[in-house]
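**Student:** Each chain, letter by letter, is given below.
4 protein chains.
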Amino acid sequence: MLIDRPAVSLDDYTERARAVLPPDVWDYVAGGSAAEVTLAGNRRGLDRVAVLPRVLRGIGTVDLRTRLLGRPYAMPVGVAPMAYQRLMHPDGELALAAAAGAAGVPYVASTLASTPIEQITGAGAEVWFQLYWLRERAMVRDLLDRVVAAGCRALMLTVDVPVLGRHPRDLRNAFRLPADVVAANLPDGRGALAHTGAPGVAAVAASFAPALRWADLAWIREQVDLPLVVKGVLDPRDAVEAVRVGADAVVVSNHGGRQLDGAPASITMLPEVLDAVGDRCQVLLDSGIRGGTDVLRALALGAAGVLVGRPLLWALAAGGQPAAREALALLAAELTDALTLAGCPDPAAAAGLRTVELR
Amino acid sequence: MLIDRPAVSLDDYTERARAVLPPDVWDYVAGGSAAEVTLAGNRRGLDRVAVLPRVLRGIGTVDLRTRLLGRPYAMPVGVAPMAYQRLMHPDGELALAAAAGAAGVPYVASTLASTPIEQITGAGAEVWFQLYWLRERAMVRDLLDRVVAAGCRALMLTVDVPVLGRHPRDLRNAFRLPADVVAANLPDGRGALAHTGAPGVAAVAASFAPALRWADLAWIREQVDLPLVVKGVLDPRDAVEAVRVGADAVVVSNHGGRQLDGAPASITMLPEVLDAVGDRCQVLLDSGIRGGTDVLRALALGAAGVLVGRPLLWALAAGGQPAAREALALLAAELTDALTLAGCPDPAAAAGLRTVELR
Amino acid sequence: MLIDRPAVSLDDYTERARAVLPPDVWDYVAGGSAAEVTLAGNRRGLDRVAVLPRVLRGIGTVDLRTRLLGRPYAMPVGVAPMAYQRLMHPDGELALAAAAGAAGVPYVASTLASTPIEQITGAGAEVWFQLYWLRERAMVRDLLDRVVAAGCRALMLTVDVPVLGRHPRDLRNAFRLPADVVAANLPDGRGALAHTGAPGVAAVAASFAPALRWADLAWIREQVDLPLVVKGVLDPRDAVEAVRVGADAVVVSNHGGRQLDGAPASITMLPEVLDAVGDRCQVLLDSGIRGGTDVLRALALGAAGVLVGRPLLWALAAGGQPAAREALALLAAELTDALTLAGCPDPAAAAGLRTVELR
Amino acid sequence: MLIDRPAVSLDDYTERARAVLPPDVWDYVAGGSAAEVTLAGNRRGLDRVAVLPRVLRGIGTVDLRTRLLGRPYAMPVGVAPMAYQRLMHPDGELALAAAAGAAGVPYVASTLASTPIEQITGAGAEVWFQLYWLRERAMVRDLLDRVVAAGCRALMLTVDVPVLGRHPRDLRNAFRLPADVVAANLPDGRGALAHTGAPGVAAVAASFAPALRWADLAWIREQVDLPLVVKGVLDPRDAVEAVRVGADAVVVSNHGGRQLDGAPASITMLPEVLDAVGDRCQVLLDSGIRGGTDVLRALALGAAGVLVGRPLLWALAAGGQPAAREALALLAAELTDALTLAGCPDPAAAAGLRTVELR
Ligand SMILES: Cc1cc2nc3c(=O)[nH]c(=O)nc-3n(C[C@H](O)[C@H](O)[C@H](O)COP(=O)(O)O)c2cc1C
Ligand SMILES: Cc1cc2nc3c(=O)[nH]c(=O)nc-3n(C[C@H](O)[C@H](O)[C@H](O)COP(=O)(O)O)c2cc1C
Ligand SMILES: Cc1cc2nc3c(=O)[nH]c(=O)nc-3n(C[C@H](O)[C@H](O)[C@H](O)COP(=O)(O)O)c2cc1C
Ligand SMILES: Cc1cc2nc3c(=O)[nH]c(=O)nc-3n(C[C@H](O)[C@H](O)[C@H](O)COP(=O)(O)O)c2cc1C
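Protein chains in written order, with this note's numbering: chain Y, 1 to 359; chain Z, 1 to 359; chain W, 1 to 359; chain P, 1 to 359.
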């Protein structure tokens with residue numbers, strides 16, 4: 001019934017998803033690491049960015065189109081890489097990728113996708129592939145070959161997961177993946193990386209590669225000829241490193257509050273990262289984006305675009321591909337609205353807006 | 001019963017109105033755009049302005065009289081332009097204008113008034129006309145002719161509505177105007193601008209003119225020989241533009257949190273706007289004013305006066321013209337009280353008070 | 001029953017008083033003016049002052065004795081002037097003054113005391129007299145003669161009441177003084193100054209003197225040869241005026257949040273007032289003091305002492321003179337404790353402590 | 001039942017302890033002094049420290065080992081000195097010391113331990129002895145002889161207890177130690193220092209030595225040839241004094257909010273103390289540490305390590321030695337996790353992290 005009425009904000013999907021998902025699955029998505037201070041901080045950090053609208057700028061119609069990584073998209077928004085989307089809905093990655101395709105935005109496929117990458121790229125969206133650098137380099141090698149062959153448009157290396165963060169909700173729920181949801185792109189998807197509900201991170205830590213260094217990115221650059229995005233940077237010094245090794249873009253992110261708890265809101269660090277590398281690569285942002293106003297906040301501070309995570313999983317859970325499409329259309333409408341009200345004919349114009357701290 | 005007892009603060013009318021209005025109408029007035037961050041921020045922004053009273057200044061009686069736009073009024077307060085006042089009470093605009101007249105304050109009639117402007121100007125108040133610049137210039141032209149003929153004293157151009165903001169409450173309530181409440185001053189009042197409850201802004205957007213530029217104000221100046229007020233400025237650069245094209249006053253406003261959500265509290269931007277144009281035009285403020293202390297805050301920061309919105313609609317809903325009169329009298333009493341306690345014989349003296357940030 | 005157990009903090013009396021007083025009387029004391037923003041701000045302002053204790057200072061026993069206005073008292077605390085204490089308890093002013101005497105602290109008798117000043121001075125405490133400058137100078141003249149004859153030790157002129165602040169709680173409760181509680185020191189105690197529950201301040205305003213100026217204090221100085229305290233200063237410029245006209249002390253105060261709502265916490269203004277006049281007169285503080293830690297905060301910032309208001313009325317209501325005595329003893333114990341823990345052998349030493357802002 | 005499931009955060013033990021302890025005992029441990037402003041401030045102070053993780057630092061495995069006072073420990077954490085641990089569990093100090101031993105961290109035995117120091121040193125941990133300097137120097141002398149003979153590794157002098165702080169909860173509960181829990185290392189353990197539930201601090205104050213001075217530490221240095229730690233410093237000037245008299249380490253602490261209420265969070269003062277003495281002695285911190293993220297915060301600001309208080313008492317109460325062991329193992333796991341996610345191979349590396357204020 002709820003689902004019969006159109007959503008008026010992305011938060012509507014949160015409640016709908018909560019109604020349909022098993023509580024432990026809902027917690028797995030909604031939760032953050034440790035005391036969830038960073039998770040809450042993302043919201044507060046965004047709300048503190050007040051944007052000064054300009055008026056009478058003669059903007060006519062707003063044009064949301066944006067180039068990301070040199071390619072044209074319908075708006076400055078991408079679907080964040082998120083594991084195991086079949087937990088949300090039987091159609092999983094295929095549904096969300098198809099929705100992204102319909103919306104004209106990039107879909108970032110996770111290393112831990114529960115659908116083979118070759119099927120995802122067939123769903124209609126431009127697909128970027130998110131890589132977790134696993135301990136066995138051969139496994140990475142094979143994966144990259146498939147990624148290129150499948151026609152992915154960019155490679156996004158997630159660097160804030162040397163190990164998985166501890167998620168108290170999952171530990172409390174003894175959360176385990178159901179048998180039919182596996183990391184479909186890994187040799188032994190289930191056994192290797194599944195969330196096992198063990199109280200430590202030992203079970204999965206074995207698969208990640210905390211020993212990785214910036215120098216190792218050179219190896220990646222040799223393997224694939226795709227634009228490279230480094231996701232999970234907060235300290236401007238790391239953004240500088242990323243550019244030095246050849247990143248085409250960085251994503252300022254705290255992984256939606258799921259990795260180091262106590263890290264600042266990503267929006268808080270955006271200005272400094274832009275100062276450090278904004279003239280040398282594109283800077284994207286994620287963590288906490290919940291509507292058009294949030295996108296405007298990021299654009300006003302200078303981001304080239306944002307990734308959106310949980311809200312799209314909630315939409316997927318609430319109503320599969322149609323709901324996910326609707327969610328992206330709603331976001332586009334909200335962003336059009338926010339830009340119009342701020343006097344900006346396009347996303348780039350937002351960089352000229354002033355922001356003040358809301359207290 | 002509640003209504004039998006005199007209100008002791010403007011907030012009392014809020015509760016009374018809630019008791020008598022249909023919930024969706026109450027929401028239409030009370031609500032703001034998007035996540036209502038700016039709506040809440042207006043209150044917080046005002047509360048953070050602490051005013052230092054002066055003592056033993058020999059003030060005798062306080063004299064609230066103030067000149068706004070070169071004309072004398074009984075206090076530095078005006079009734080903000082608000083659409084469709086017949087939603088509140090059958091007497092609508094006529095009742096509120098009459099109350100303004102009795103209180104000696106200007107009544108700003110909205111382009112979207114539900115009563116013809118010629119009747120409003122006959123209700124006893126000095127009327128300023130608020131203009132929404134519509135797409136069809138001929139329509140604007142006709143309206144301005146009527147405005148002048150009806151004897152309006154000033155023209156207030158609202159510049160923060162290139163399109164209507166998205167109001168989640170209205171969308172959720174599928175709020176529609178009742179058949180008998182129309183934009184009485186527009187050729188096809190109902191069809192053109194009514195709130196349709198559609199989930200997008202498309203239906204009404206068609207009527208507004210986002211392509212308007214500052215240069216177009218020259219055209220307005222030629223049409224009417226009335227003082228010009230620009231309402232809806234937050235960025236000081238826009239205040240400078242307004243003065244450049246000949247505005248006699250600007251209203252620092254975020255439209256009561258109904259347009260760009262994420263915009264700062266208007267009180268937060270007041271000092272900067274005053275720095276930019278305070279010596280060249282009058283600066284008014286609205287958004288969140290709820291009592292005499294709030295008026296004092298704005299005056300202490302240097303505003304020439306304020307507009308009050310929702311509280312007067314609530315009074316109108318609660319008890320028609322008598323209640324609206326009572327509300328304005330209460331506000332005058334509170335302001336007299338606040339000025340007396342602050343050691344100010346008149347509104348102008350408040351500009352000499354110091355403010356500190358309350359934390 | 002509650003009353004059988006000793007209070008462990010001054011707040012305990014608040015609850016006890018609430019249990020025994022008629023609700024409208026409780027509200028009259030507890031409430032503040034307008035939106036009660038300043039009332040709440042006093043608490044927050046104090047809590048934000050973090051005091052850095054010093055250690056191993058060899059303090060032995062703490063000696064609370066302090067000179068105020070050149071006379072020795074048992075601690076740097078006085079009973080704030082408060083009207084109509086017979087509202088709390090039949091023994092009213094006599095009980096609280098006796099308690100002050102037992103505690104060795106000054107009792108400030110209000111112009112609006114419900115007991116004749118000659119009886120109050122006989123109750124055992126050193127009494128200071130608080131003067132509201134009334135419109136009729138002859139009335140003031142008579143009062144001052146009686147004050148001197150009765151043996152009061154100081155004259156405290158309250159300057160923040162050009163009119164009484166509007167108290168929404170009282171208006172809502174239509175609060176009126178009971179017939180047997182009158183301003184016992186005024187010719188027509190009841191009629192002149194009683195709280196009438198009228199929705200304006202007109203009824204009582206007639207008795208106060210908003211036209212008073214600093215210059216008029218010269219007249220006062222001629223009438224009485226007592227130390228002069230000016231109570232109700234927040235702006236340092238007013239403190240300078242007070243010293244200029246010969247004040248021996250000022251009380252930084254917002255009248256416990258009962259006069260100008262929107263005024264800052266008095267503790268917030270204390271440092272600036274001390275900078276302005278601290279070397280030329282004693283600076284006291286009131287508004288929000290609720291325990292020994294609060295006294296320490298004021299002392300650490302440089303105050304010579306504090307006045308305590310409502311908590312002592314609550315104690316009086318809860319248990320008459322014994323409870324008021326107990327409350328002052330508790331405050332002394334708390335202050336001894338706080339000074340000991342902060343490494344201060346006496347109140348004066350607290351001025352050497354550093355404070356930081358607690359956030 | 002609760003106890004059958006492994007704890008996923010230290011806070012879990014709080015609830016478990018609450019379920020098994022008598023309410024007054026729970027309050028005795030959980031509570032703070034006066035209005036508990038400092039108690040709450042510790043949590044808020046820590047949460048405001050946002051730590052910027054570094055990425056791709058090639059950290060492999062994290063090594064938590066740390067030298068404190070020149071000796072190697074398994075992690076930069078010690079068990080804070082806490083009185084009367086047999087209140088929590090019959091095994092009291094022996095259980096907690098054994099758990100510390102198993103975890104490889106120092107156990108600080110309190111002067112008010114409810115178990116003889118000679119037994120505590122036999123429980124398997126490296127023991128540091130915490131000294132309350134009592135009025136009778138002979139008593140101190142005897143105690144120190146036993147401490148050295150028992151093989152303690154360090155002497156920690158607590159300087160923030162010239163008298164015990166007033167704890168309203170204990171006063172309200174009329175909390176008294178049960179007959180079988182005594183200060184086992186004092187000649188007349190029960191009578192001398194027990195918490196008597198009297199509304200003042202008189203009963204116990206007799207035993208402490210508020211007259212102590214920094215100079216007296218010289219005497220201590222002569223008595224024992226052990227590393228000296230000064231615990232309970234907030235003002236950097238006191239840290240300088242401590243170093244001047246020969247302290248090898250200071251503990252920045254507000255005694256977990258149990259002594260001077262109104263004191264700042266210890267984390268707030270850490271940077272200044274480090275500036276003052278960080279190059280001349282080790283700086284530890286306690287008060288409010290509740291998990292690995294908090295330890296990281298302290299390390300990032302430059303602390304050499306932290307002490308943990310209440311959480312370990314809760315674990316002890318919830319499940320004796322096994323639970324305390326589990327709690328310390330959990331803390332080690334959380335710290336490993338936090339350091340890994342922050343890109344730090346060891347605790348020392350954390351000092352290179354940047355922090356920003358979370359608002
Ligand atoms: C359930 C879930 C799974 C995720 N899986 C991945 C992943 O596999 N790879 C990755 O780089 N980020 C992953 N993320 C992080 C997201 O890419 C993104 O950084 C984060 O969700 C953004 O914050 P938001 O959810 O507040 O929008 C995941 C996030 C969630 C909520
Ligand atoms: C129900 C409603 C209708 C409004 N209609 C108009 C309008 O037609 N034209 C306009 O310029 N502003 C309009 N406003 C904005 C007000 O003029 C004013 O800026 C705002 O209400 C001030 O904030 P306040 O309500 O917090 O006092 C409207 C506001 C409300 C609440
Ligand atoms: C019930 C009540 C009556 C008061 N009457 C007087 C008065 O007659 N004269 C005066 O100077 N201040 C008066 N005050 C203000 C107090 O002197 C003092 O400034 C204030 O109570 C301090 O704040 P606190 O109550 O938070 O301690 C009154 C306060 C209360 C609560
Ligand atoms: C029940 C209890 C007893 C304590 N007893 C002592 C003590 O005997 N000696 C001492 O130096 N500190 C004592 N403390 C303070 C701790 O050593 C430590 O400073 C404080 O608990 C740290 O804060 P936390 O509990 O928030 O971790 C005690 C603390 C508690 C909670």
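In case anyone wonders, no lab produced these hints; they're calculated from the structure.
Where a beta carbon is used, it is the ideal one built from N, C-alpha and C, also for glycine.
The reader is advised that the hints may include incorrect statements.
[What the hints assert, rightly or not] Cβ-to-Cβ under 7 Å is the rule here; a few derived chain Y residues that face chain Z:
(1) 51
(2) 54
(3) 58
(4) 59
(5) 119
(6) 171
(7) 173
(8) 340
(9) 341
(10) 345
(11) 356
**Student:** Next, verify each hint and record whether it holds.
**Tutor:** Here's how the hints hold up against the structure:
no., hint, verdict
1, 51, "holds (5 Å)"
2, 54, "holds (6 Å)"
3, 58, "holds (4 Å)"
4, 59, "holds (5 Å)"
5, 119, "violated (32 Å)"
6, 171, "violated (32 Å)"
7, 173, "violated (29 Å)"
8, 340, "holds (5 Å)"
9, 341, "holds (4 Å)"
10, 345, "violated (9 Å)"
11, 356, "holds (5 Å)"
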